[in-house]
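Trainee: Residues per chain are reported as follows:
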Amino acid sequence: GNSVTQMEGPVTLSEEAFLTINCTYTATGYPSLFWYVQYPGEGLQLLLKATKADDKGSNKGFEATYRKETTSFHLEKGSVQVSDSAVYFCALSYNQGGKLIFGQGTELSVKP
Amino acid sequence: AAGVIQSPRHLIKEKRETATLKCYPIPRHDTVYWYQQGPGQDPQFLISFYEKMQSDKGSIPDRFSAQQFSDYHSELNMSSLELGDSALYFCASSGSIGDRPLDTQYFGPGTRLTVL
Chain A
1044 GNSVTQMEGP
1054 VTLSEEAFLT
1064 INCTYTATGY
1074 PSLFWYVQYP
1084 GEGLQLLLKA
1094 TKADDKGSNK
1104 GFEATYRKET
1114 TSFHLEKGSV
1124 QVSDSAVYFC
1134 ALSYNQGGKL
1144 IFGQGTELSV
1154 KP
Chain B
22 AAGVIQSPRH
32 LIKEKRETAT
42 LKCYPIPRHD
52 TVYWYQQGPG
62 QDPQFLISFY
72 EKMQSDKGSI
82 PDRFSAQQFS
92 DYHSELNMSS
102 LELGDSALYF
112 CASSGSIGDR
122 PLDTQYFGPG
132 TRLTVL
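Sequences listed follow chains A and B, in order. Residue 1155 is where the first sequence ends in the numbering used here, and the numbering goes up by one at each step. Residue 137 is where the second sequence ends in the numbering used here, and the numbering goes up by one at each step.
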């Protein structure tokens, strides 16, 4: 079946460090891929998305590229800030209008 | 911009009681999704509606039911509550172009249900 696997957290970084959160997926066909962010005590916010192979999603300095050959959608940011501390979820949607399947989430903590 | 509205934000119930959670999608969004997020867990899909008809069903217990009304808001009804039902319940909505659903879901802030 369809599934998403993320690197385990928590990830602790110093401010201005480079961030990578790995995400791989298993799916038949061509799913859409997403990164959502959840700040403490809040709901899920869409961070970025990509809908086909080699698409790059970007937002607020975060980037992720849809790699079909490696079935991956790794999240990167060149210089993290304390305000980026949150839980990050990778997700896929197999059909338009279909449910989201989430990875287990990766907690990021950025220290000043 | 208007977002997804959920009510109540917090709810405390006793075992075996019932609860009703409400969701108001973004205006002109016709698809609503419900997810359950246990402590430290990823959100799990429960059920979805498109144009007031159930479109998909996930791991929703038989004790739960849901519907989407003519104004597109949705309600999740939960009966015979158990301790394990304590979780964050998210509603999300998405729109469509013509009869083609869009794949981006926008989430509400969630309802935190505590069952004692």
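What the hints contain is simulated information worked out from the structure, not anything from laboratory work. Check before you lean on any hint, since a few could be wrong.
With a straight-line cut-off of 27 Å between C-alpha atoms, the simulated DSS-like cross-links for lysine-lysine are [unchecked claim]:
1) B:36 - B:73
2) B:78 - A:1095
3) A:1092 - A:1111
4) A:1103 - A:1120
5) B:34 - A:1092
6) B:78 - B:36
Trainee: Now tell me, hint by hint, if it's right for this structure.
Mentor: Cross-check of the supplied hints:
1. B:36 - B:73: Violated - the C-alpha atoms of residue 73 (chain B) and residue 36 (chain B) are around 30 Å apart, more than 27 Å.
2. B:78 - A:1095: Judged against 27 Å, a Cα distance of about 26 Å means the pair holds.
3. A:1092 - A:1111: 14 Å, holds
4. A:1103 - A:1120: Measuring from Cα to Cα gives roughly 9 Å; hence the hint holds.
5. B:34 - A:1092: 37 Å, violated
6. B:78 - B:36: With a Cα-Cα distance of about 25 Å, the restraint between residue 78 (chain B) and residue 36 (chain B) holds, given a limit of 27 Å.
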